[in-house]
Amino acid sequence: MAIADTSRKGRRRSPLFGIAKKTGSTLLTIAVTMLGLLFVTFFIGRVMPVDPVLSIVGERATQEQYMDVYLELGLDKPLFTQFFIYLGDVVQGDFGKSLRTGFPVWDDVTRVFPATMELATLGTLIGVFIGVPLGVIAAVKRGTWIDQVARVVALIGYSMPVFWLAIIGLMVLYGKLGWVSGPGRVDIFLEDIVPSVTGMILIDSIIARDWDIFWNAVSHIILPASLLGYYSLAYISRMTRSFMLEQLGEEYITTARVKGMSEWAVVWKHAFGNIKVPLITVIALSYAGLLEGSVLTEIIFSWPGIGKYITISLLSADMNAVMGGTVVVGLVFVLLNIFAELLYKIFDPRAK
Amino acid sequence: MSLSDTQKPSLKEWLLTDTPTSRRHARAASLYQAWLSLKSNHMAMLGLGILMLLVILAALASVLAPADPFVQDLALRLTPPIWQSDRDPGIEGYILGSDSLGRDILSRLLYGSRITLYIVTLVALMAPIVGLLVGTIAGYTGGWLDIVLMRITDIFLAFPRLILALAFVATLGAGIENAVLAISLTAWPPYARIARAETLTIRNSDYIHAVRLQGAGTMRIITKHIWPLCISSLVVRVTLDMAGIILAAAGLGFLGLGAQPPSPEWGAMISEGRKFILDHWWVATMPGLAIFTVSLAFNLLGDGLRDVLDPKDGAS
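Protein chains in written order, with numbering that gives the first Met the number 0: chain A, 0 to 351; chain B, 0 to 315.
Calculated directly from the structure, the hints in this document are not laboratory data. Keep in mind it's a predicted model, so treat the numbers as computed, not measured. Treat the hints with care, since some could be wrong.
Claimed, not checked - Simulated pairs of lysine-lysine, DSSO-like, Cα-Cα distance not exceeding 30 Å:
#1 A/Lys268 / A/Lys258
#2 A/Lys175 / B/Lys274
#3 A/Lys258 / A/Lys275
#4 A/Lys76 / A/Lys96
#5 B/Lys274 / A/Lys140
#6 A/Lys140 / A/Lys258
Stated by the list, open to error - Now the in silico label distances, taken between C-beta atoms and shown as ranges:
#7 A/Lys175 / B/Leu63: 29 to 35 Å
#8 A/Ile345 / B/Leu124: 38 to 44 Å
#9 B/Leu73 / A/Val31: 36 to 42 Å
Glycine residues also receive a C-beta, built at the ideal position from the N, C-alpha and C atoms.
Just need the whole structure built from these sequences, with the hints factored in.
Pasting the structure below:
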């Protein structure tokens, strides 16, 4: 913030105006993107060759019952009118009811989203704490065996089908060795014991001071989180390496070395200090990718997250749930993107 | 490559000259130089080698496959691979074992490589071209068209990719062609972004102004002067994305929304093998290794191509 303020002081014209204008255009961008997202999902939902009425009334309903539901759902109205009615409901926070679970979609989504968030957060943490140092070391020791190892680790991460690795991981670590627990968030007899505060079992069990459940949840989450962590590690370490290489080639690094500064300070204080902002952007994007719900991982580990929720709803033609879920996921993605962009603008005066 | 070796040495000199005599000559020379620097990258050459092998295997699948990939033999179901088999080595075939219906896994993998190549080729043809069109038009014309096109791009980017592909396939019906369409629909936005960024930097360069002063129209400028410059960064990106496309296609196949049984698509094979994973590891493991090898090859080649064609963000 401080940088942004000093750089604006030169101009006298009210800085508030500029901020308000920027905020306004950002909000407009979000609104337009969300509107488009809603429209595309709505359209896909209506084009889908599944009759929403039939899935409510069932095969054996009379013509009369069928028509009642048909009219109740507003399907007799033109497509655009239907869209605007839906839009009006969504703006009021009403995503309709899920046909599959019978609950309001909003309740469903707020229930499943923390599960995805728990997994994505842990995965990103693993990715950051291993990926960033790995990338930095690879850049500093460029061309050595460490660099090669880092490169191979990342390339394997880019090339491995996640669902396959998940299956093999389950087979070896759970099936053969028994080191970790199988699919699900906790063992089945431990489910729904700790009161749900955040919806994330790891945190809830800490709050409830129930260590049995906590360790059980850890043994369940460790494998899927490590898998996701590996994928984000691959991405983050490559990006860190190329950012660092760019900085290490700069003249100010040579100057610092000539001054007799220790290599540690040169690397971590000077070079690393300058890649923090783009690095945070990369991490935010990778986090957003994981928050979208890694559909395949969630399905294989029976993880009750948003990706699994949307997929199963989609396969059972529960369009309200699909649209609601997609819109929430899309919103999170857009917000994280804008957050990353904002960071750039605040901390990097060159990006103006 | 072999051209330069087999023909007269003058060809090499012709290709390496500093003073090209025609446009085609200059283009051939720069391609040759790119090839030379790619050739010195062992990893990239390894990737290229694997991919060429894949093409050959796919083309000759009907000759090389020891068995018909669709013929079932329930008596010999779930036979382990040859090195784990307790049976007599007298049983022909089943080098990589058989699946739950007694089909030869190696033959299925060979035929499956055709499906993989088919998907990869189609997506590689569709997505970048759509992205190139959208990106260059948006970048060159600017104004409201730019805003509208980029908003649409953002909307598609904001979608969870696999879920969007799933939704399209669910709408259009499961099958390879629809999977290709769905993957292309989710894959084009990044290309549009790249093409637009390139166009914006090119648009105001002096030579574009010069061409415009000579009376070239928008169409001509975009197709003849902007596209050729966007292509190299797109080629790099496409090669690097190929792995992702293969993984996405396999993911759709795994969920039962891609190629339909009994088609030997690799992702679908993993999904079939998943049920038997604890006692019969090879059924799901083999196709996974195949997917891994091919996407690794694309990544290796893409990495090398980036160093050659687009050195500014490779830095390695």
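ask   = Hint by hint, which ones does the structure fall short of?
value = 5 and 9
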